[in-house]
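What follows is each chain in one-letter form.
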Amino acid sequence: MNEIIKIEQLRRTFQVGSEEVHALKGVSFTIRPGEFVSIMGASGSGKSTLLNILGCLDRPTSGEYFIDGIAVSQRTKDELSILRNRKIGFIFQSYNLLPRTSALENVELPLLYNNSVSSKERRAKAIKALEQVGLQDRMMHTPNQLSGGQQQRVAIARALVNDPVILLADEATGNLDTRTSYEIMNLFQQLNNEGKTIAFVTHEPDIAVFTNRTIQLRDGYIIRDVPVSTQSAKTALKSLLVSND
Amino acid sequence: MNIFNLFKIAYKALLRNKTRAFLTMLGIIIGISSVIAMVSLGQSSSQSINNQISSMGTNLIMVMRTSQRQGGVNIGSSNVQTLTAKDIDAIRSQAKYVSAASPLVNASGQLVNGANNWPGSVQGGNSELIAIRKYQIASGTNFTEQDVRSSAKVCIVGKTVGDNLFPNGENPLGKTIRFNKIPLKIIGVLESKGQNQMGQDQDDVVIAPYTTVQKRILAITYIHMIMASALTEETAGLATQEIETILHASHKLKPGQENDFDVRTQKEMLDMMNSVTGFLTVLLAAIASISLLVGGIGIMNIMYVTVTERIKEIGLRMSIGAKNKDILLQFLCESIILSLIGGIIGILFGLLLSYAASKGLSWPFIVSIPAVGISFLVCAATGIFFGWYPAKKAASLDPINALRYE
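Sequence lines, in order, name chains A and B.
Residue numbering for the first sequence follows the numbering used here, beginning at 3 and increasing consecutively.
Residue numbering for the second sequence follows the numbering used here, beginning at -13 and increasing consecutively.
Hints listed in this document are in silico derivations from the structure and should not be mistaken for laboratory results.
It cannot be assumed that every hint is accurate.
Below, simulated DSS-like cross-link-like pairs (lysine-lysine); rule was C-alpha separation at most 25 Å, straight line [claimed, not checked]:
#1 A:79 <-> A:27
#2 A:79 <-> B:167
#3 B:72 <-> B:139
#4 B:298 <-> B:-2
#5 B:253 <-> B:-2
#6 B:298 <-> A:79
#7 A:79 <-> B:379
#8 B:379 <-> B:-2
#9 B:179 <-> A:122
#10 B:-6 <-> A:127
#11 B:238 <-> B:82
#12 B:167 <-> B:120
#13 B:171 <-> B:145
#14 B:171 <-> B:139
#15 B:238 <-> B:4
#16 B:139 <-> B:167
#17 B:298 <-> B:311
#18 B:82 <-> B:253
#19 A:130 <-> B:72
#20 B:-2 <-> B:238
#21 A:79 <-> B:378
#22 A:127 <-> B:-2
#23 B:-2 <-> A:130
#24 B:120 <-> B:82
#25 B:139 <-> B:120
#26 B:201 <-> B:161
#27 B:72 <-> B:-6
#28 B:139 <-> B:201
#29 B:-2 <-> A:122
#30 B:179 <-> B:72
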């Protein structure tokens, strides 16, 4: 098993009134362990639809999707929930943290929906995930006491806590300024170096350069799937600091 | 997801909005506490009435005059003169289940002792009246049959009358008071009995031989009422029938002709009072249940608002692995927690309220276990019933739309 994600001739058709809208018109690719893939495309290109399917939130109309070797297409809603819980870590543009809830409890949340994790393990895993994103001294802070970048780090920790096979980030830097975006990309690169597989949806080319492969969508087709000569977010951050001085 | 986690999630979600959770609970608290307080107070009042009627003796039988028609004219009951002292003799000589019987003649007027006076009434009876009315003589003596025959100008006074006519603490015994200009010598003072169930002061009483009241005060030959005691509480029914038969004969009424009197027992009074208080209790409980219903609708309303407000949260929970069932149960749990905690506080508050009220009214304090139990079940049912629909709505959200909801 050396593919985290494998999709074959994926199609997704929506019925809008009497008209059929083809959001995905036969998309195929694989993501191998340790890859850091950016999925790019203008709005309407089908990238949100693709992300929903990759995230097991939606099922394809036809074609097959395997995550970690498991066929997704014919699963029931409850089975999809379990797949999301065990295999996928979501990161959203607007963080989606529970308000008035500590960072630690926010990170613990996915494990509450997994009965095989005891409350002791849950706490330990959440602390470890927060340490991974560098927030060990902010664990008891609530979202409104954290900056945007810190909130996104909490969200990343929440995505890491169930040890997923892939992190799915949806415009994860969309709400952040350039510097904080670079910091977050630096964190993603570190996690990738530690072996995490990441799929990163963005429409910003200057963010995509920090990944090591770009899949570009247009009108429901893949128009480009190329390796990227990866830039270091750390270096970019340094040069940003210099130019600001 | 296990139950413990479920409650933890629901509990934490509620804690994030303490004020709103409390205000929602307030509806249930008010509803439950008013149901508990109303039922409990209703039962207290009926118990208190029971106690007092029993203390008067449930073997008491009263014969009243009933309204009569003479030549088509209804003359009411107060002008009926068919009840006389002869009826007492008939009852005494013929009845087997009656232990004592006394006429009752009532005259109201002003009681005077020198400069002190007091409005009151003199009740005329024979020597058995004191025993029938369950009075005790504290000092002095009862009057005798001889006093009755001679229409003696003697009386026995209750504590209230004694205190008002002799405000300086003198012993009323042996003194002479005046009632409508008739001098009456006090030969006995009654033991205090307090108020009866109607709130009447039972110590505000003067008892004299009925002949004295009839001849010297009212100048009448009939009596107002007969008071009698059945042998025991159980034979009160038999004694009632017996008295009816005897009086029917002694009043020379034809068989089948309507009685010109009405025999009542204390037990009938008791049953009547019980049915009145029972009805009142049900009525009050019904009114209180309306507030409980309103409280339940309050929960439903808030849960609806909560679901709409937390669509993004629901989307997030689904995206990290919550099943539809988990979301349904979470919201159901939240409404059950709200209604149960509200219910428990409501029960305690209601009991406190009824305790305070029953102490204030010096009624016995009764905890109605069925009312508490039913209220608790109603709380749980309210939580499930009014929480179900909003929870169902939350669970049926599509995770994609919920996540993108703004």
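Results of checking the hints against the structure:
1. A:79 <-> A:27: 24 Å, holds
2. A:79 <-> B:167: 100 Å, violated
3. B:72 <-> B:139: 22 Å, holds
4. B:298 <-> B:-2: 17 Å, holds
5. B:253 <-> B:-2: Cα-Cα ~58 Å, so violated.
6. B:298 <-> A:79: Holds, at about 19 Å.
7. A:79 <-> B:379: 17 Å, holds
8. B:379 <-> B:-2: 21 Å, holds
9. B:179 <-> A:122: 70 Å, violated
10. B:-6 <-> A:127: 18 Å, holds
11. B:238 <-> B:82: 21 Å, holds
12. B:167 <-> B:120: 29 Å, violated
13. B:171 <-> B:145: 16 Å, holds
14. B:171 <-> B:139: This hinted pair holds, its Cα atoms lying about 6 Å apart.
15. B:238 <-> B:4: 80 Å, violated
16. B:139 <-> B:167: 12 Å, holds
17. B:298 <-> B:311: Holds. Residue 298 (chain B) to residue 311 (chain B) sits at ~17 Å (cutoff 25 Å).
18. B:82 <-> B:253: 20 Å, holds
19. A:130 <-> B:72: Outside the cut-off at roughly 104 Å; violated.
20. B:-2 <-> B:238: 85 Å, violated
21. A:79 <-> B:378: With Cα atoms ~16 Å apart, residue 79 (chain A) and residue 378 (chain B) stay inside 25 Å; holds.
22. A:127 <-> B:-2: Roughly 20 Å between the alpha carbons, so the hint for residue 127 (chain A) and residue -2 (chain B) holds.
23. B:-2 <-> A:130: 22 Å, holds
24. B:120 <-> B:82: Holds, at roughly 21 Å.
25. B:139 <-> B:120: 23 Å, holds
26. B:201 <-> B:161: Answer holds: residue 201 (chain B) to residue 161 (chain B) is near 22 Å, not above 25 Å.
27. B:72 <-> B:-6: 83 Å, violated
28. B:139 <-> B:201: Judged against 25 Å, a Cα distance of about 11 Å means the pair holds.
29. B:-2 <-> A:122: Roughly 18 Å separates the two Cα atoms, so the pair holds.
30. B:179 <-> B:72: 31 Å, violated
In terms of the numbered hints stated before, the structure departs from hints 2, 5, 9, 12, 15, 19, 20, 27 and 30, listed from lowest to highest.
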